[in-house]
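Chains as they are written, first to last, in the UniProt record's numbering: chain W, 1 to 158; chain G, 1 to 364.
Treat the hints as calculated values from the structure; they're not laboratory data. C-beta: ideal position from N, C-alpha, C; glycine also. Treat the hints with caution; some may be incorrect.
Said to hold, decoys possible - From chain W, some residues computed to sit far from chain G (all C-beta separations above 10 Å):
#1 Glu29
#2 Asn60
#3 Asn61
#4 Tyr62
#5 Glu67
#6 Ser73
#7 Cys90
#8 Thr93
#9 Glu96
#10 Tyr105
#11 Gln109
As the list claims (entries may be wrong) - Lysine-lysine pairs mimicking PhoX-like chemistry, simulated, CA-CA at most 25 Å apart:
#12 G/Lys164 x G/Lys154
#13 W/Lys38 x W/Lys112
#14 W/Lys100 x G/Lys43
#15 W/Lys38 x G/Lys50
#16 W/Lys97 x G/Lys43
#17 W/Lys38 x G/Lys154
#18 G/Lys166 x W/Lys38
Stated by the list, open to error - A few chain G residues that don't get close to chain W, going by computed Cβ distances all over 10 Å:
#19 Arg42
#20 Tyr54
#21 Phe83
#22 Cys87
#23 Ser112
#24 Gln115
#25 Ile158
#26 Arg191
#27 Arg236
#28 Val262
#29 Tyr300
#30 Pro319
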Amino acid sequence: MATEFHNLQELRHSASLANKVFIQRDYSEGTTCRFQTKFPSELDSRIERTLFEDTVKTLNNYYAEAEKIGGQSYLEGCLACTTAYIIFLCMETRYEKVLKKIGRYIQEQNEKIYAPRGLLITDPIERGMRVIEISIYEDRASSGSSSGSSSTSGTSAR
Amino acid sequence: TCNGHSYIMKNCEYQQIDARALGTPASSFQPCTEMKVPRLRRKWEVFPGKNRFYCDGRIILARQSGILPLTLGLIVVTSVLFFAFDCPFLVTHLTVCIPVIGGVLFLFVVISLLQTSLTDPGILPRALPDEAADIEKQIYTSGSSMYRPPPRTKEILINQQVVKLKYCFTCKMFRPPRTSHCSLCDNCVERFDHHCPWVGNCVGKRNYRFFYSFIVSLSFHTSFIFGCVVTHLTLRSQGGNGLVQAVQESPLVICFFSIWSVLGLSGFHTYLVASNLTTNEDIKGSWSSKRGAEDSGNPYTYNSIFINCCATLCGPMPPSLIDRRGFLPPDDIPPVAAADLELSSFLAKNDTNMVGMPSSGHTS
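Only chain W is shown next, with the shape it has when bound in the complex:
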């Protein structure tokens, strides 16, 4: 976490928060956690479309892995049931393990790709898994008035 703060402090000294973009959830396949891969127009000038889509697709894959119902999750569930679910108090569930992986992935993406472009991704778990919040920073030196009026990102999930 120390590196992230270091980047942020640099951002803070030389940049200011201009706008935030929210990537909404994609419910087309049910209630499992997926985010829309539609590229928001506010990021048009800040980052390449492919990089952004890669990030969101990787996140979607991580969440799918966490919520996968299959052999291992049944085993975990049945074992927990026989112990009256007390085992949840002692053991880290698979979901929590994947969430930690996601946290590290987002931190790595921020350091390598997003912070150099003046962007910052917030882990969805801190927003109730509802949105991926991307903060856009502007250089204070430039006469940056925030470009935040076109709001076509994620109105409908198709």
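Since the structure of chain W is provided, determine the placement of chain G on it from the hints.
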């Protein structure tokens, strides 16, 4: 953590300069001349819903515990009477397994009950002001807001079926599918089943399996006690003292009256689990085919009883989204700071104009 500490130190100097310049003391402003580290508060202390927290946020309860004490009391009293009066007789006349089985069932029932009551059912945290403003912007631009208020529902496709999402005015967001707002707890709960007064908590995505194991094990437990007491009374040759006999037979009476409702509830929830429905959806008839058309079926079902059961009861355990024990950012942090601290909600609550960063981008 030392990171939080460095923030406080940095921002203290910052604040001091601006306060002297503007001469406006903020109500939550901490004078840095004392060099006192303010106590970091945890998020459960500012939680907006009607919940109570114990053990520094580890345990969560609804505001009204309902009749949870009554439920616990009935179970414990009935079981104790059973162990005290029926077990000695049955151990000598039948087998020693009886108190063992009874004990195991009793433990299962109590543990499931406590886990249902004390677990976060799947509460969704409320939208922060930035997110709420973004959603509002989308509503107003997508609807004609000239002569009538914009629609507060959103239609989406789930597995090729149209589902309407409603906007929650309290939580300021569009509710995800299968989410409902509980008025007793004042929270949006994911996969909301119902608010159970017996358990004193909502039953939702995270504690449904505990609730189900509670009612199933309770059915077994009451049936077991009922059977044992009936066996005891039929095997016993002579009747005893009237009062003692009445006390000995009270488990029988309690079990007799509760067995029908508990068994019925277990059966109903077994049906819900097998068809991947919630009580909420079943009562409202959301997916009942009114016109007999195939396009109004349940979009969440896996069309297999086995897979539905496994998905609901043995699926992965989702984490709690409300992060009760996380720390709030310290009071005196300026608006422009790390974007991934939940800053905006904290500022909105304090409702002070923090010492002026000229280009603060917050809309609220």
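Self-check item: Hint check against the structure, violated hint numbers in rising order
Solution: Structure breaks hints 1, 5, 6, 8, 9, 15, 23, 24, 25, 26, 29, 30.
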